[in-house]
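**Student:** Chains as they are written, first to last, in the numbering used here: chain A, -19 to 257; chain B, 909 to 1311.
I should point out that these hints are in silico values taken from the structure, not numbers from a laboratory. All values reported here derive from a predicted model rather than from experimental measurement. Just so it is clear, CB atoms sit at the ideal spot from N, CA and C, and this is done for glycine as well. This list has only true hints and no planted wrong ones.
Using 30 Å as the maximum straight-line C-alpha spacing, the simulated DSS-like pairs for lysine-lysine come out as follows: (1) A:Lys(-2) / A:Lys131; (2) A:Lys131 / A:Lys(-8); (3) A:Lys21 / A:Lys(-8); (4) B:Lys966 / B:Lys1019; (5) B:Lys1067 / A:Lys172; (6) A:Lys172 / B:Lys1019; (7) B:Lys1067 / B:Lys1305; (8) A:Lys172 / B:Lys1020; (9) B:Lys1067 / B:Lys1019.
Quick partial rundown of chain A residues pointing at chain B, CB under 8 Å, derived from the structure: (10) Phe40; (11) Ser41; (12) Met44; (13) Gln51; (14) Asn90; (15) Pro91; (16) Tyr93; (17) Leu117; (18) Pro118; (19) Thr143; (20) Asp145.
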Amino acid sequence: MTNAADSGRIAKRFATLKAAGRGGFVTFLTAGDPDHETFEKILLGLPDAGADLIELGMPFSDPMADGPAIQAASLRALGAGANMGRTLELVKSFRAQDDDTPIILMGYYNPIYSYGVDTFLTDAREAGVDGLIVVDLPPEEDDELCVPALKAGLNFIRLATPTTDDERLPTVLQNTSGFVYYVSVLGITGTKAVASAEVERAVARLQRHTALPIAVGFGIRTAETVRDIAMIADAAVVGSAIVDCIANNLDEEGRPSDGLVDKVHDYVRELSSGLRS
Amino acid sequence: MKQANTYREGPDEAGHFGIFGGRFVAETLMPLILAVETAYEAASADSSFQVELDDYLKNYAGRPSPLYFARRLTDHFGGAKIYFKRDELNHTGSHKINNTLGQILLARRMKKTRIIAETGAGQHGVATATVCALFDLPCVVYMGATDIERQQPNVFRMKLLGAEVVPVTSGTGTLKDAMNEALRDWVANVESTFYIIGTAAGPHPYPAMVRDFQSVIGREARAQMMEAEGRLPDSLVACIGGGSNAIGLFHPFLDDPSVRMFGVEAAGHGIEIGEHAASLTGGRPGVLHGNRTYLLQNDDGQILDAHSISAGLDYPGIGPEHSWLHESGRVDYVSATDAQALEAFQLCSLKEGIIPALEPSHALGYVSTIAPDLPKDHIICMNMCGRGDKDIFTVAKALGTTI
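For reference, chain B alone in the conformation it holds in the complex (with noise of 0.2 Å):
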């Protein structure tokens, strides 16, 4: 087989990356879908598009994020050296602005009056809200009742920008509900509504246009790298649940082969004891929410409830384009437990006065176990994906304390 000379160019027309991704989804979406794909890619060969984008970028989200150096946790862990990309400092407190600026200016092109989300920890909710209050759309959140209890922060802000948050019951009342429960609202409602994807997963082309609105992150880290120290670094981490942050930050890396990449699932308790969130370690290849890509399911095909202390990454799939780049190879997946995450939250906060989310967390678990043993120049590059802020309760709890 010939081997392929760039990982950069997926997906296929159908939408495919390897024997990943797809549109699986009702005949009811099916045009609206390939709709979407129209308007997508009208919206990428026009400039103006990407202007219009730029400027909400720079203006409204306040990116550039910087690049910054760790220099007490790269002290502390006595190995490589540490830099966060700072994509927690955008407005709304994580990278999900990214996307949803991106898909509101197009579902605007598309004139649809109504805008719809799923939620897990809350940050697609906010970010969603917060772009349909600037555009002055009606928003719908569907967020899972569980998740509701424990992100309860979000759940007031997204009401705050005025959205409704629309709990859903069926299911673990986790993100997987959430996401059935708006395709039924999409459905139902498909001619008025736009509904804003939040990772890089879902039925084509949504995995490859969050990708693409989240690519901004790898191509600043890249320039800013360049400038900092005058080269690429050695790696790259970012944690994983669908894997928008961790594709944005791989994807315009892809082709030099020099980085090494890894994605961060979460273990939860244990990868061993079965109670997790790691569907490239622990699953198998299935259909689901509109892709074919890993799932945690049971030998019927019966998708199975995720766990992780953190909400963002408690969903049994993950985006299709991850699925291919693990079975090619080009990016390692592994995984940090709740633990590893805990610990690596409060040795942020202690050591460079940055309340990292619980999901950057788990990248930052990850690094804590590599860092120590690579080389004084070796560079890695983290993606600081979210603040903590909404985390505080969550990890009081899992502490012990009371606030």
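This is chain A alone, in the form it adopts within the complex (with noise of 0.2 Å):
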């Protein structure tokens, strides 16, 4: 059986960015945090405040390879409602006012795995979604939903780490697509601070294997960190210092307080400002 045609939205958001001849910024936020309404109004403006690309975190109850705050910002989604349906019902309503913006939905198996991987893949392909990050997925369960995604024209990006060598880069390798999340540090994400220098070494290592766009994340906190890692890489992964900034505006309650959409939005112009100088 053939892959069908993915959106295509990812290879041309990248095509685009080269062509400006600036490097891309992608923003990572937990769907439904803090609570659904509070949350289609920041996704909506994410675009205009400088996101290139979207990373949507499907709510986890166990999300292992995250810090304190993507942890914090999943229990505050799912204490609010938040599930697989709702976050499929956010992609939708983003995409009937944008349809250019990559969408790619991050998070764990087990909510995919007990949604269904065939109704997932093809509710998440209608809703507008254009690939998945699923952490605990490594290529030794391609099986499970890899293949089956790239059937349904998904984009599958995987995640590289220092620990992935040289002889075992083709393996992750292989069967990705969209581009290739290079995870910056040893550890859960929003923990550490990277090392440009390292960084470098490691892009132009991915580079020798793959012509895919390449996109770092885990411990970028800053716009200095993202000029300089989107220098290096074609994208920059912003995710747990947004969160926190969700965090930073609630009250005792954890009800957002008034201007949380705009202190966000503003935190991601911020961040993005070095890219479009």
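Fit the two chains together into the complex; they arrive one by one in their own frames, and the hints show the way.
**Tutor:** Right under this line is the structure:
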């Protein structure tokens, strides 16, 4: 069986960025954080604030590869009634106004497995999802979701890490499409700072193995680092720092304070500012 | 479909028992998981590894553990003949030392310089801290804040043994959250660190490796039963959280069709009211902590909190081989409530002079429901996998007594 054509949005976006001579900015936020309505407003304003690609975290009760910021975001979203169906609704509502910005769903396998792999792939594609990043599905488990996703016309974006050596890279890259996500630190999200010299070496190493665009994430928290990383790689990803911005604008009962949405957009604008000067 | 002629061949090369098991971990860990597999295969094929392990099991842990005929409980129930496999007599007070000795010898072969572990009741934490003291390796144990509260004696024990005990407050602060946190540590320290998983679960090769280290229980029980009774037991009974003591007892008997097996899950306040830890009875297949197995989860695939009076059984999953044995029908998975376990805890103390841990009290709670109706020549072998000293505060509280 051959693969269905994907939406083309990811490839097109990276081509546009290349033509513009700049690196891309990827935002990560957990879908439904702090609640569905507030999140929808945040999501709809992200492209205008400078997001070139959007990663949407699928909330999970046990995010083993995430640090405290994204763990808390998952619990906030779930507490406010988030689930897979509502995450897909958010994508649909985004697509109604933006048909160009790629959306990548990121998370863990169990909520997808529970939803049903085939139904999930159909619904995700229909909602306007362009790609998937599933942290706990290494290439050894490709038959689970990766291969079916490619057949269904969704990109399957793989994480490469500092422990993925030259011998293993071809295995990791084999069924990867869209772009490669390089995890720049050994560890969980939002905990350590990246060292750009190491990232430069790692990106060069990846480029020897693949022609796909390379995005770098984990540990990027400032506009300056975004600019530095986006000069080395094709895009820089910021997650925990933006998620923290939501956490810092909640009242004692966890309700969004006035102006939270604008504050998140301002912060995203600031983070991406070095890319458009 | 061809009938399987053995239940003892699994897992396959990719770590699957039927559809269960596998390697569902982040890429950062994957190269190390593969290295653990290679190292374990090499160790298994190296007789000097087994010789060294056997020496520690005998002279340090005190194996073999006795097989004991529980005469007064047998008389009390008035039916089946009840034997206890006395793994509570091992050094550190439970079966956990069988596994930690095996894994730390492997960690040393792999030249790892730091050990981490998760613990629920603290028995695995103590057994890990013990072998780390023995081999002079730094040890960090992740333990849920709720469990720290209810297992203070074991927390102090781990500290005396030189381990750092890290309280985990995420989630409900129990075993599942401790395992999440241990995995987070491992991802960040993958080059130096060996993760000694305490039960027969997690990514391949852990379920098979832990089972192999724990199978010493069943191998001994088999030989001891032949000596005592001249035949195999009719029923095996063991409690199940992740299921390492149960798979250790069951595995050497899986291909003996005359031997029935009962795995006893924790029914907590009752399965029908939803506050329990019985993954097979009340859950469905899902993916968590590196493997596909039965999990307590909601309709959206979010993992639910387990409940049991026993911290060691308070886990929403179960080892993948048990999920497979459940679906294949080879083992019967049943359950016992908090109340049944508490009653068995007291009964065993009074009748046999053995204070059992709350975990095997669940096994005994189930035995108490079947033994009276079984014939007197029916032989039950129950794994007394831990002693109850650690639980006296929990039990006192449940009974409304102040110590």
